[in-house]
Amino acid sequence: MKSMKLLVAALMAMVPAVAMAQDPAAQGMGVMGQVIFFAGFILIFYFLIWRPQSKRAKEHKALMSGLNKGDEVVTSGGVAGKITKVTDDFIVVEIADNVEIKVQKVAVAAALPKGTLKEI
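In my numbering, the protein residues as written are 28 to 147.
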């Protein structure tokens, strides 16, 4: 127990000594290094997060504006069907014979090629 107290006391005494023994030139990267580091961080953020998300949003907006009667679509919930009516914010999707549901346009995940539903 006594040896443990001596070890802790020795470590506490060495910590300030180690900090003071460092070379003053090695204190940090300086202002220019920080600017370069920050610019690199911004570039990584732009190319890995913001740009791909913006591209996906633009593609989805084009998909929503291009929906027409007769198109085959899949919603984000996984429901596949054929569009029978298009309004400003909603579409009516026929998912089976005489079974139609109303879906928001933003819920459309993908447009399918013509004839895909007959193959399923």
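Simulated from the structure, these hints should not be mistaken for laboratory data. Don't take every hint at face value.
[Said to hold, decoys possible] Within a straight-line C-alpha distance of at most 25 Å, the following computed PhoX-like cross-link-like pairs (lysine-lysine) qualify:
id, residue 1, residue 2
1, Lys-132, Lys-96
2, Lys-85, Lys-141
3, Lys-145, Lys-132
4, Lys-85, Lys-132
These are the hints, each one checked on the structure:
1. Lys-132 to Lys-96: Distance of about 13 Å is within 25 Å: holds.
2. Lys-85 to Lys-141: 23 Å, holds
3. Lys-145 to Lys-132: 23 Å, holds
4. Lys-85 to Lys-132: Holds, at about 15 Å.
The earlier numbered hints are all upheld by this structure, with none contradicted.
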